[in-house]
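There are 2 protein chains.
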Amino acid sequence: MSETNFSIAAVERDTGLAKDTLRVWERRYGFPTPARDTNGERLYPPEQVERLRLIKRLMDQGFRPGKLVSASSEELSALTPPPANAPARADDGTLSAIIALVKGHDIAALRSALTQAMHRQGLQTFILDTVPRLNAAVGEAWMRGDFEVFEEHLYTEQMQSLLRQAITALPAGRGRPRVVLTTVPEEQHVLGLLMSECLLTLEGAACIPLGTQTPLADIVRAADAHAADIVALSFSAAFPGRQVAPLAAQLRASLPPPVALWLGGAGAERLRGTAHGITVVQSLAGILDALADWRGRQAR
Amino acid sequence: MSETNFSIAAVERDTGLAKDTLRVWERRYGFPTPARDTNGERLYPPEQVERLRLIKRLMDQGFRPGKLVSASSEELSALTPPPANAPARADDGTLSAIIALVKGHDIAALRSALTQAMHRQGLQTFILDTVPRLNAAVGEAWMRGDFEVFEEHLYTEQMQSLLRQAITALPAGRGRPRVVLTTVPEEQHVLGLLMSECLLTLEGAACIPLGTQTPLADIVRAADAHAADIVALSFSAAFPGRQVAPLAAQLRASLPPPVALWLGGAGAERLRGTAHGITVVQSLAGILDALADWRGRQAR
DNA sequence: TCAAGCGTTTGTCCAAGACAAAATGAGTGA
DNA sequence: TCACTCATTTTGTCTTGGACAAACGCTTGA
Chain A
1 MSETNFSIAA
11 VERDTGLAKD
21 TLRVWERRYG
31 FPTPARDTNG
41 ERLYPPEQVE
51 RLRLIKRLMD
61 QGFRPGKLVS
71 ASSEELSALT
81 PPPANAPARA
91 DDGTLSAIIA
101 LVKGHDIAAL
111 RSALTQAMHR
121 QGLQTFILDT
131 VPRLNAAVGE
141 AWMRGDFEVF
151 EEHLYTEQMQ
161 SLLRQAITAL
171 PAGRGRPRVV
181 LTTVPEEQHV
191 LGLLMSECLL
201 TLEGAACIPL
211 GTQTPLADIV
221 RAADAHAADI
231 VALSFSAAFP
241 GRQVAPLAAQ
251 LRASLPPPVA
261 LWLGGAGAER
271 LRGTAHGITV
281 VQSLAGILDA
291 LADWRGRQAR
Chain B
1 MSETNFSIAA
11 VERDTGLAKD
21 TLRVWERRYG
31 FPTPARDTNG
41 ERLYPPEQVE
51 RLRLIKRLMD
61 QGFRPGKLVS
71 ASSEELSALT
81 PPPANAPARA
91 DDGTLSAIIA
101 LVKGHDIAAL
111 RSALTQAMHR
121 QGLQTFILDT
131 VPRLNAAVGE
141 AWMRGDFEVF
151 EEHLYTEQMQ
161 SLLRQAITAL
171 PAGRGRPRVV
181 LTTVPEEQHV
191 LGLLMSECLL
201 TLEGAACIPL
211 GTQTPLADIV
221 RAADAHAADI
231 VALSFSAAFP
241 GRQVAPLAAQ
251 LRASLPPPVA
261 LWLGGAGAER
271 LRGTAHGITV
281 VQSLAGILDA
291 LADWRGRQAR
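Line order of the protein sequences matches chains A and B.
Residue 300 is where the first sequence ends in my numbering, and the numbering goes up by one at each step.
Residue 300 is where the second sequence ends in my numbering, and the numbering goes up by one at each step.
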């Protein structure tokens, strides 16, 4: 019965692997080996879906699929746990405490621990230091298999709440530059945008947050309508790297030359030496540098 | 040059139409008619992409593709504008004022108008009455072509801010039922979840918000880990309707029987008479009914 | 007015082949 | 030892044309 089996579309949804990729792996590597329904369509057993999710997880970490799908189950023990690489150096305990609260499924305690950390450190330090380390710790825990997907979702949701609350509490930036903040379609990670919005607003820039997944044509229209000086895009590590460069080029070509284009996030770092007119922001602190740089240019 | 042309993947991203669908339309209806690059791959000119977005917009409204792609440009005038159908009956002006602010790209004024409306009406009335009507008005304006995509994004972002702020300000629900709130993968609309979370928290239920796009297996795990009484999913009108029933069935089969499964949103309404053990919540107010019903059952 | 039956429409899936971009590894020079 | 180039493999995505089932909408019958 198909009650517990997955169609190819369901597997694509749950693993993030494209249908074409699933079919070509089957052809090339002999895995996965889905059963077929009466109509000849693939039916993936749950164990194989689980294995595919693990493979995807390791791929996002940098491993290559050919090795992974061919290997049997020694990759589970050999690759999965780069176990705890000094989980957080120079951690006063805040990080591990928060991670433990996510793992303990105590939402109220998690929320107050986050709020408390933010107030103790001040917003800028919190965002420049603690949040990236928390994100990294959550990402590592997830890759290591210590975190379930839903636990990562829960963390993201609470952090999102906190950051949005912080942004709302700030006086709205009314100065320059005016920055359109968004991601391209397919990129749904929002924390990078919110962190950037916090930092920029703190510096008095005017942010126009469009949320995630704005079609390129609409990014251009928004920049025009809001008289933006800068379009800032965030790319997560999970974003297919091969698409970043052409996307950036297409957008750069569509935007008026005076409008700057900033790319940030782990997914943008692979773009170091690229086209003219594109600024790759290497880290969160880099946003502040880029901002100072922009203001310096304008002052001239 | 491909500077301004779109690959099939780019069109899928920007329009939401699957690659297979784009190819089959070309074969069957003779539209779109992309050029080819040196490698024989499709290159869609921007006008056709624009037209495809319009078609997708009308399809989400209920029109069938066969008619739309065959028609020439009389559907632009004939179908697009069901122009202003008494834009908002019994509107004290709040709605149209807010719409105008979105259109005017004045973020600060929009934010304060929303906040003010919420405080004037009280949270529950605001969510039951004003927010759905605003959403509908924005959706209509978008379908009519009065709104750009980025304007809808801007609205969503501000509303999201406001609702999250309201939730944070409420005392965290600690009672029963315990409700896991999320959407399935591919469903990224978040406002329905936030509105539900507001209403449920106001009634003292304990919400476990997982954000959007949680894989089915992880929804089940989350329900278990958080000892949830209810799993509530939100489906927007844009969600492919044919997928809702099998998704619900699969999830119902995977969840322990005592855990209730609630489906809400415009995309769930097509599911009226469905399987046992699934509650279809027809409207926002329906959440309160369902909640009262659940509590009544538990009291017995 | 509603239910049942029956074409039509429509999205998704399949197969096998092809190719280009990215990653890898070998070889070369400073 | 490092940096660079070049050839080779790996890998994802795109192609065509055929097929089918589920959903739609129309018509018929009660």
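Keep in mind that the hints are not guaranteed to be accurate.
It does not matter which identical chain is meant; a pair holds if it fits inside one copy or across any two.
[To be verified] Listed next, the in silico SDA-like pairs over lysine to any residue satisfying Cα-Cα at most 20 Å (straight line): (1) K67 <-> E186; (2) K19 <-> P185; (3) K19 <-> S7; (4) K56 <-> A71; (5) K56 <-> L216; (6) K103 <-> R178; (7) K19 <-> E41; (8) K103 <-> H226; (9) K103 <-> M143; (10) K103 <-> R221; (11) K103 <-> Q160; (12) K103 <-> G145; (13) K56 <-> R36; (14) K19 <-> L247; (15) K19 <-> I8.
These aren't lab readings, by the way, just hints derived from the structure by calculation.
These numbers were taken from a predicted model, which means no experiment stands behind them.
Tested hints:
1. K67 <-> E186: Classified as neither: same-chain Cα gap 26 Å, cross-chain 29 Å, threshold 20 Å.
2. K19 <-> P185: The answer is both: 18 Å in one copy and 15 Å across copies each meet 20 Å.
3. K19 <-> S7: both (10 Å within a copy, 18 Å between copies)
4. K56 <-> A71: Within. Shortest intra-copy distance 14 Å satisfies the 20 Å Cα cut-off; inter-copy 43 Å does not.
5. K56 <-> L216: between (27 Å within a copy, 17 Å between copies)
6. K103 <-> R178: between (39 Å within a copy, 18 Å between copies)
7. K19 <-> E41: both (12 Å within a copy, 19 Å between copies)
8. K103 <-> H226: Answer is between: at 11 Å across copies they meet the 20 Å cutoff, but 42 Å inside does not.
9. K103 <-> M143: Close inside one copy (15 Å), not across copies (43 Å); limit 20 Å.
10. K103 <-> R221: between (42 Å within a copy, 13 Å between copies)
11. K103 <-> Q160: Within one copy only: 18 Å inside, 26 Å across.
12. K103 <-> G145: within (12 Å within a copy, 46 Å between copies)
13. K56 <-> R36: Neither way: K56 and R36 sit 23 Å apart in one copy and 32 Å across, limit 20 Å.
14. K19 <-> L247: For K19 and L247, the Cα distance is within 20 Å only across copies (18 Å; inside one copy 22 Å).
15. K19 <-> I8: For K19 and I8, the Cα distance is within 20 Å both inside one copy (6 Å) and across copies (15 Å).
The structure does not agree with the numbered hints 1, 13 stated previously, though it agrees with the rest.
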